[in-house]
Amino acid sequence: MFENDHTTQDVEVPAWTRYPAILQGIRVFELADDSASFCGKLLVDFGADVIKVEKPRGDSSRPAPDDFFSSLGSPSYLYHNCNKRSITLDFEQAAGLEILVELVSRADVLLESCPPGTLDKLGMAYEVLRDRNPRLIYASVTAFGQTGRYRHWKSCDLVAGACGGQASVTGLPNREPLKLGGTQALYLGSLHAALGIVMALIQRNATGRGDRLDISLQEAVASGLDHVLVRYFSTGAVAARCGSRNWNGLSFIVPCSDGWLQIFPFQQWGTLVDWMNAEDMAGPLIDPLYKEAEYRRTHFEVVEQTISRWTRMHTRAELFETAQLMGFPWAPVCTLPEVLTSPQLNERDFFVPLKGVRDSMLQPGPPYLFLTSVASAQRSSSPTPGRENMQVYRDELGFSDAELERLASIGVI
Amino acid sequence: MSFDVFAGLRVLDFSRVLAGPSATRLLADFGADVIKVQARKTSGGAEDNEQPYFAAWNRNKRSIVLDMQLPEARRAALDLVRKCDVVIENFAPRVLDNWGLDYAALRQENQSIILMRMSAGGQTGPWRNHVAFGPTVHALSGLTHLTAYPEGPPIGPGFAYADVVAGLYAALAIAAAVYSRAHTGQGQCIDLSEYEALVGLLGPSLIALQAGENEISLTKVLAEPAPAAPYGYFRCQGSDQWCAIAVFDDAQWQALCEVLHLEHVGRDTRFANVAARNRNSAELHSVVGARTAERRASELALHLQDRGVPSSAVKDARDLSGDPQLVERGFFVRLKHPARGEYLCDRGAVRLGCDRAPQWMPAPSLGQDTDHLFRNLLGWSPDKIAAFRRRGIIG
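Going down the list, the protein sequences come from chains V and E.
Take 1442 as the starting number for the first sequence in the numbering used here and just add one per residue.
Take 780 as the starting number for the second sequence in the numbering used here and just add one per residue.
This is chain V alone, in the form it adopts within the complex (with noise of 0.2 Å):
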């Protein structure tokens, strides 16, 4: 078994780590609500210095529904900002845009998610930053990209689904579309941002310069659809909801005694209905008639409600059990409690602290592993907003305590 090591110290014998510190020694300052604040959790886990820049009022992300999170951030909040510093300004005030040039100047990413012209109408455009930091790298993650005669529409991320083509696929026929559980449409704008930072990053090694990243979160959506697009380019065919059956119909959900479980009945046939025989539920799936695939689909009711009379009989557990052991894909549809007590999960660590709640909390670490011999510390909780005003302000600016009281005093910082 490999161990996992936390510690920030040079190890002689290379150990897997969750956290390799690739990125120590990057700064990003990140301007970003929630669609782009997972991308700076990315980069943090990675050892990058993640400073939030929050208006002294904080981001949208904090307020939370519930009493529970309330003084703490949002669940969203919580996660997506562990190890991150935090300093509060106020950008739009003259001397707040002053000081922010001044630490994007020193800075290698400005990673932002405001509404496309803004930075540029206050002065900060990719090429008066540049000007300064050639080295810059100025990576935006916006609703519609910054071009475009919609770049100006407003999203999230139950209409970045929508836009981007998700929900059309999603849910039954003849009823509303499902978004995806979750944040998904986001944290797609925010794996690409991450991804395009470090690939800006490689370039800048060969070239001594940053570059402008522009991440749209429709596009994230629609350059991920699978089968979607590809069919309807290649025969016109338009996919459609289809419930839990999946497009070609070799996947589908069936009931068990204790829960749902996910099902590919169609690929190893025989043994499939040789198992059902043994306990006398084949039914009429024994016939041969049903070895033939399309006798399959267009029989496909008897098929379903054959399959889920027998599985009925048994729990999730042993059906999942026997069927991987026979190389069936199968799995049970798991709840969030399930997930957290994975046996697969826990034997491998995956689960980890999330500092700062409740001691026994516990947060999805990345889901990679390194075999490195550096790892980063894991430094501390989410910031509360301007927990490293000192550090950033005083200790690396050089503002005398004077000054940042005045600035204080008329909301900048």
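Certain hints may be false.
As the list claims (entries may be wrong) - Under the rule of at most 20 Å between Cα atoms (straight-line distance), these lysine to any residue pairs were calculated in the SDA-like manner: (1) V:K1595 <-> E:Q1033; (2) V:K1595 <-> E:K1115; (3) V:K1796 <-> E:R1086; (4) V:K1496 <-> E:G824; (5) V:K1562 <-> V:R1590; (6) V:K1595 <-> E:R960; (7) V:K1595 <-> E:V1038; (8) V:K1595 <-> E:D1148; (9) E:K1115 <-> V:K1562.
As the list claims (entries may be wrong) - Across the chosen pairs, the derived CB separations fall in these ranges: (10) V:A1678 <-> E:L1081: 23 to 31 Å; (11) V:P1696 <-> E:S1065: 25 to 33 Å; (12) E:A1118 <-> V:A1678: 16 to 24 Å.
Stated by the list, open to error - Residues of chain V clear of chain E, computed beta-carbon distances all greater than 12 Å: (13) R1547; (14) L1563; (15) L1621; (16) H1668; (17) E1735; (18) T1747; (19) Q1804; (20) D1842.
Simulated from the structure, these hints should not be mistaken for laboratory data.
A virtual CB, placed ideally from N, CA and C, is assigned to each residue, including glycine.
Add chain E to chain V, keeping to what the hints say.
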């Protein structure tokens, strides 16, 4: 300039279907030399070079045929590793190990190799030998459970979302390893779990769960970081036409009411703020839906966006292909295959640097680069190439 980020990077790509190929497609799009290792016996379905799916996900790559069942093929693969920077695979963990191509063996050939091992559950753990496709991982991760109508059975995504996510994480991890190697000279071995990737994207829900929220109130925290109401899909005029509408504040609420001629509703205290609208959500949905049903989805979205309300028609593949914003931004690219002709695909969402149209190559046909690669990269003689072809080692 920006399409050369990975120029000079050579990738030996054993990956298949979507998760791995989407990652290596990105690397190839940005200049990497991606060598796709295929076998005649297994080049079917999504891995059939002649099919549109393959054409879309494997552009810009080269193809060689190598029968990895044969020891000489494995030796040839190790020789190729010496000339490569990255090796990527998404088999069950034992496959590469059985071929004698684990990280230790690769390092013998090439000390600074970067090995990306993608799998459903990871290289270790009780489920490491499990078989999985996208829906398998969706089910395990909790995403299928959460993608359901309020009173109904689980449904899940209508496409292999888990594979898309795994591909992005793989590209990110490989890029990070490449960046790191430039500074340290050291390679890397990376163990990426698609299951973990998807669970990671449900972090806030898992945190809310532990705070003592029961399943019913979870829907409150699951929707969006900031609460909104209305927040959902509304039926519009025509068959299966829907508009997604999200209202986060009072200004947007008043704007929605004006656009829908629901001024009296805008003054109704039952709907005065987000919390109140959530309490009366059924009636809210009914009242708003009665008006949206009289409007065309695109026109309604246009009108609402004009007034600052986040909204969009629910777009299908045909809508996307003609979407003015996507078209104007050059999101669709045309590739030309010598035998199959022209085809369209999307360019992906990473836009780095000056925004010019990429000059990209179509997907390769099976084994089109075998001869060229073994001759030019490994210096094999024509006789050796012919002999290995006859014996089915390469193809």
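Status of each hint after checking the structure:
no. : hint                            : result
1   : V:K1595 <-> E:Q1033             : holds, 16 Å
2   : V:K1595 <-> E:K1115             : violated, 36 Å
3   : V:K1796 <-> E:R1086             : violated, 41 Å
4   : V:K1496 <-> E:G824              : violated, 52 Å
5   : V:K1562 <-> V:R1590             : holds, 18 Å
6   : V:K1595 <-> E:R960              : violated, 40 Å
7   : V:K1595 <-> E:V1038             : holds, 16 Å
8   : V:K1595 <-> E:D1148             : violated, 47 Å
9   : E:K1115 <-> V:K1562             : violated, 42 Å
10  : V:A1678 <-> E:L1081: 23 to 31 Å : holds, 28 Å
11  : V:P1696 <-> E:S1065: 25 to 33 Å : holds, 31 Å
12  : E:A1118 <-> V:A1678: 16 to 24 Å : holds, 23 Å
13  : R1547                           : holds, 20 Å
14  : L1563                           : holds, 20 Å
15  : L1621                           : violated, 5 Å
16  : H1668                           : violated, 6 Å
17  : E1735                           : holds, 17 Å
18  : T1747                           : holds, 18 Å
19  : Q1804                           : violated, 6 Å
20  : D1842                           : holds, 35 Å
Hint compliance for this structure: hints 2, 3, 4, 6, 8, 9, 15, 16 and 19 are not met, and every other hint is.
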